[in-house]
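Asker: Sequence:
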Amino acid sequence: MKNEELAQKIIDLSGGKENIDKAIHCITRLRFNLKDESKADSKAIEELDGVLGTRYQNGQFQVIIGNNVKYVYAEVAKILGLENDDIEQDKEEKIVKKEKKDKQNVLNKILDVIASSFQPILPAIIGAGMMKGILAILMVSGLVSSNSGTYQILNIVADSAFYFLPFLLAVSVSRKFDVNEYLGIVLAGALMYPTIIDVAKSGAAKPIYFLSIPIHVVNYSASVFPIILGIIIMAYIYKAIDRLIPKPLKLVLTPTITLLITIPLVLAFVAPIGDFLGKYLAIGVNWLFENAGLLAGLLLGLFNPFIIMTGMHYSLFPIIIQNFGNLGYDSGYMVVNLMTNVAQAGAVLAVALRTRNKELKSVSISSGISALIGITEPAMFGVNIKLRKPLYAAMISGGITSAGVVALGLKNYGFVLPGLLALPTYISPEGGFGNLMLAILGVICSFIIAFVLTLVMGFEDEEKK
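For the sequence shown, the working numbering begins at 1 and goes up steadily by one.
If you are wondering where the hints come from, they were derived from the structure by calculation, not from laboratory data. Ideal Cβ placement from N, Cα and C applies to all residues, glycine included.
Here are the computed lysine-lysine pairs in the DSS-like style, where the Cα-Cα straight-line distance is at most 30 Å:
hint: 1; residue 1: Lys9; residue 2: Lys361
hint: 2; residue 1: Lys386; residue 2: Lys9
hint: 3; residue 1: Lys389; residue 2: Lys43
hint: 4; residue 1: Lys35; residue 2: Lys22
hint: 5; residue 1: Lys70; residue 2: Lys358
hint: 6; residue 1: Lys176; residue 2: Lys9
hint: 7; residue 1: Lys386; residue 2: Lys358
hint: 8; residue 1: Lys43; residue 2: Lys78
hint: 9; residue 1: Lys9; residue 2: Lys39
hint: 10; residue 1: Lys201; residue 2: Lys411
hint: 11; residue 1: Lys2; residue 2: Lys39
hint: 12; residue 1: Lys361; residue 2: Lys386
hint: 13; residue 1: Lys70; residue 2: Lys35
hint: 14; residue 1: Lys386; residue 2: Lys70
hint: 15; residue 1: Lys17; residue 2: Lys39
hint: 16; residue 1: Lys279; residue 2: Lys206
hint: 17; residue 1: Lys239; residue 2: Lys17
hint: 18; residue 1: Lys201; residue 2: Lys279
hint: 19; residue 1: Lys78; residue 2: Lys2
hint: 20; residue 1: Lys22; residue 2: Lys9
hint: 21; residue 1: Lys78; residue 2: Lys176
hint: 22; residue 1: Lys109; residue 2: Lys22
hint: 23; residue 1: Lys43; residue 2: Lys9
hint: 24; residue 1: Lys9; residue 2: Lys70
hint: 25; residue 1: Lys78; residue 2: Lys39
hint: 26; residue 1: Lys386; residue 2: Lys43
hint: 27; residue 1: Lys386; residue 2: Lys39
hint: 28; residue 1: Lys78; residue 2: Lys9
hint: 29; residue 1: Lys239; residue 2: Lys176
hint: 30; residue 1: Lys70; residue 2: Lys176
hint: 31; residue 1: Lys35; residue 2: Lys239
Restraint ranges, calculated between C-beta atoms of paired labels, are given here:
hint: 32; residue 1: Tyr56; residue 2: Ser202; range: 46 to 52 Å
hint: 33; residue 1: Trp287; residue 2: Thr195; range: 32 to 38 Å
hint: 34; residue 1: Leu299; residue 2: Ile365; range: 29 to 35 Å
hint: 35; residue 1: Arg354; residue 2: Lys17; range: 38 to 44 Å
Given these sequences and hints, build the entire structure.
Answerer: See the structure below:
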């Protein structure tokens, strides 16, 4: 089925253009905010050639496409006439959307905010993470010296997305909360202003006083929660002020008063709370992996497919980023995710070897390659979940190997898609290949265990086609 035809059928079966408030996409899914979810025929959509499955999650109707999602979304955008990834809404439509948001429970709202914040910026932080791996290869091979200008430039490429992460998040969070994104960038600039960053780096504990209010200086580079909480506060302040200011004066007074209130408030109270929250969440999770690594790795590796299915893996991103900022590495979820992704690949490629169904064989091979790169949803939704036993094999393998590598202290040094291409990010910046060898051993074991278990457990092959 052509992308244009598939896009049109998905829209029609989702209740038509008039039923869609917003449409975006992530790495593998189309994500729709629908006015009336009952109008979406999920079963009919799942029967379409090119669709791997559907889910209702965090107030969104999600259509799982796989690697082709970018091209299908391009056709969806043409049909819907999208600009900036969403449809213009009138007041009545915004009220409908607000009522739907209000029905979400607190956990779903938090997950939705974190997911919406990180999805748009993933290309930037994944690209920067890969550069860390490339730089590590160049360093250990002796091709680049740490004193050279080449190293300095490449290090800027690898570090900039993480160091200036508050700016990236300012844009995505501002769009999420319908506040001017340039005001959000100004708030990020306040958090990253040299006066604050330099004083924080110097180790001076003396606060800066604003109208007798102490503002404790903190290095907010590579931080997550301070800017997210700050933008949320800014959104409420902006909208409250905008309602009070006469229309002729809105352009001048609304942003001015918003910044005047928000920035001191965020610097004095909100950002330090966010910094405290992020650091101690990371400390708590790291303590769990350090003191109960075998059990933590086993459970997380075993159930990671369900964590990914529900989108809860996005809730771990702030902790991962916090670890990279504080420690320079992550020894928890990034490590587990590599093992479980390769396990999915092993299971689905075993299906490709065993099945006599040509269509299933083709899907299994393509989705297996994607899983090896780090994109597992085509393998999970297209093959393993439907056949069940390959999913069980992948879960067992992921649990066993995750427990092993976590207990042995495997570390990841760059935020990347957790697949074979991520292996360079396991090279220690301090030199030596011990950590990389452990990662490679874990990957090999994870693939083989899942592959063999799938063949041994078998599966109900679809009718030969």
